[in-house]
Amino acid sequence: METGVQRSRRHDLREDPLNTRRWLLPSLGTTIWVVVLLALCLSDWRLVMINADGDPSLHWRIGQWMVEHRSVIRADQFSHTRFGAPLISKEWLSEVIFAVANDRLGWNGAVLVGALLIATTLWLLYRWLLAEGCEPLLATGLVLLAALASSHHWLARPHLITLLLTVVFAWRLRIFDRNPEAGALKLLAPLIPLMTLWANLHGAFFTGFVLFGVYAADNFAQPKKALAIVIVGATCVAASLINPNGWRLHAHIIQFLREPVLAKFANEFRSPNFHSDAMRGFLLQLLVLAVLLVVVRPQLRATDVLLVSAWGYLAFQSVRNVPIFAIIVTPILAEHWQAAIHGAGSSRMMEWYRRLSTNVTQIDHSTDGRAMVVVILIVLLGVLAKPPLFGGQPIVVTEILPDHFPVAATRFITANPHVVRGEMFNDYGWGGYLMLALPEHKVFVDGRNDFYGPELIKDFDVVNRAHLGWEDVLRKYRVDWTILPRAHPLNELLSLHQDWSLSYTDQVAAIYSRRPE
Amino acid sequence: MLQHRAILRTEIFSYTCPGAPLVEMWWLSEIVLALAGNLLGWGGIVLVASVVCATIVWLLHRQLLAEGNELLLATVFTLLATAVCATHWLARPHLATQLMVVVFAWQLRWFNRGRVTPRRLLVLLPLLMALWANLHGSFIIGFVLIGIYLTAAVVKWVRATAEQRPALHERMTALLALEIACFLTSLLNPNGWKLLVQVIRYTSNPLMMGMTQEFLPPNFHDLGTLPFVIVLVVTLLMLLIVRPRLDLTDKLLLIVWLVLSLRMVRNGPVFALVATPILAEHWNAYLCAAAPSRILRRYRGLSARLTSIDQMAGSCGLPALATIAMILVLAKPRLFGGQPLLTTELPATQFPVAAVEFLRQSPNAVHGEMFNDYVWGGYFTLAMPERKVFFHPIVLVYEEEVIRDFLRANNGEPGWEDILAKYHVNWTILPREHRLNRFLARRADWRLVYSDPVATIYGRIP
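Going line by line, the protein sequences match chains A and B.
For the first sequence, numbering that gives the first Met the number 0 begins at 0 and goes up steadily by one.
For the second sequence, numbering that gives the first Met the number 0 begins at 0 and goes up steadily by one.
To be clear, the hints were calculated from the coordinates, so they are not data collected in a lab.
A couple of the hints might just be wrong.
[Unchecked claim] Derived coverage of chain A by chain B (criterion: at least 3 residues anywhere in the stretch with Cβ under 8 Å from a Cβ of chain B; other residues may be distant):
| # | stretch |
| --- | --- |
| 1 | 266 to 276 |
| 2 | 283 to 291 |
| 3 | 311 to 324 |
| 4 | 393 to 403 |
All C-beta atoms, glycine included, are put in the ideal place defined by N, C-alpha and C.
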């Protein structure tokens, strides 16, 4: 029997044999991809993506070094506190990709790579929901909700790879869990090379192991299925060893996660602050989940119970796990809300929703928009890459904000190199930017707190908080100048100290130098 | 207030806002605690707080048992809620709120189930609300609880058939009358409607809220949050495994208090107290209906044995004896003389006890106004009543400008000296580690007056 959608398609083909409308008009999924990509690349969000902290600069600088030296970085080159110490880069391949993009397009390159990853993650999530039988209207709503919940972490950094690969791994495992006849080899084997890629792209590849673990634990009663998951999971673990640091990468990550001082120091490892606007999306998604559980009362599979509980707990622990929770929980929400909508009795509101949903589905099935995607990508690339491609002034300028980072101060140092000498003490959040903007100087600390280790981070904290013993720490690391936010308490202390003098100040930063003895 | 036999209506403890109008949000609790403190010292205050805490636990346990839950399950769930509440068991007026939440939640729940008559509800809860409004500023939680029941009743009434409507209408009307009555009785306080305005002003001011740790969201890295996490997990597992058909009121209670407890750590105990009867009811039903297994048989056997032992025990004798014994122990020096059996004092490693003693011995060591640590402000109002503090934890008496100035100076931000000069600060008393001490040590116009491992005093050189 012919469905409404098929009838609509047949009608379209009769009217337009070349099917141009289908190729040009974007489907809902394509629209999500295009809108997210354009919004991130062209709106002020592009500035947020590179200015939220110093890590985008840090990754560019490290990637730049690897591209210049044509080798993976294995010893620190950027700090004076741990210069030459063995370095395990958790995301060397991402850093190379970001550096190549940035070297070609400036900061627009990092924004483009980041936006492509985010848009593709959301598009894949949407495709996943459709593939499981969710109506396009509901799927769009839930994907937008997931986007809202995860948007606080949309920064041009390697962790975006983890979001994308989490969708791929969770999707594949879910299909296998529900349809084991499809074959472990066909469904799960592609995850093995992807795990190798993941282990080289970002340190949170352990997320993949957790997903395998949850599905294996749930299928404990079905040995054949559980064995398939365990074998592929173990192979993925082995595949993850194919990286420049082998097993040391894994040991390094485990050590980092077990070190509370380091984990607490990074903002993204803190518990979510539900007073902050950035957490509204997460709170809303929790509310949708809570309403589902208390109103619809779905019979959840044990895997889904484990996934919701485990990732819910991890999201409450660390704000960086919120996007992963948002991705994992969305298909569960979609499945049960879809069933609830199907099973709901007829009311005026439900009838209105069903009519709207049917119309949206029909329109969605008659559209595709791949041609438009290609056109938009070419135009966007042209806009972002105008100066290197065609010369002249850039159309879209993406730069580090001078009111967030010490842009004027670094220009002053570059113009007056003799103003400072010796080693610096810098703000934690500015470390990555200083690595990039002042390559001739070595930083005290930057966003790689896993590399610096607890002892150095504690020393840094003593000075940063102007605790007792701050002078001893500065002497220990032979610090002769500081570059800190203007209102930083250490500046006040240095201004009162006879051994130090103010070398530079503006609205953002102040530089103090030790007087020569 | 006891000394002057009057309610405190103006700020008298700090010099930064002298004579500012003060709307006391917990005057009655302060009188009760002060009486206990005057009679039995710190031990008296701890005794009052302990009696309230124990009563909260006892009431919750009684409610769970009265609702037909098995003794073992009721005890475990009560202990779980106790663990959540205990993170906030400090000898302060907010304990009155925990107590009132248990009573309000219990009575409203039973009214919803037809076990409490509208008349009893309309007499008991407005009277308790009048008490609550004088004991602690969080009495608006009572309005929220009644509001949830009222909202659910309205929704049920809208959805109901013609036959069901009269009964629901009666319930809705009673709850509306209760909300109004509670609102009116909450005005029976020394400040009338101004108290409500003050509470709203306080809870809607992010600057003031940000000053208080308990208004911040829970930190899930903190071990103290673990009991709250366990309650969340038990709730989640109930929804996922037991899948009970929850009453609309229970759904609203769980969702509203879950959101509020995620926003503020101080709402965690309220969530636990409100959610525990719901959790106990459905877990109990689930365990009763579950197919027997070895673990379940053992659980039922243990539960039956405990129940039979419990039935043999008396109910009031032991608690009364324990309370009397505690009073005698605490009042021993006053009643019988000699050394106290149990000493409860502020720890000299956390509060500047020695520094205050030094100032008492050498009153001329410092002159003029002080700049003090935020947490120590309350202690100074008690330990050095002859001196006015810069800042104490009752932040709502301060103008926003004073709060901002305090924070800037306290953080050592640029302009800290101007702020000290603006308020004519001539000496500081701060924790030894405080960064302002390092600033002052470098200043030629300040000198170290006193220092010990806890506190440091700097004085301005005339």
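Quiz prompt | Violated hints - listed by number, lowest first | solution = 4
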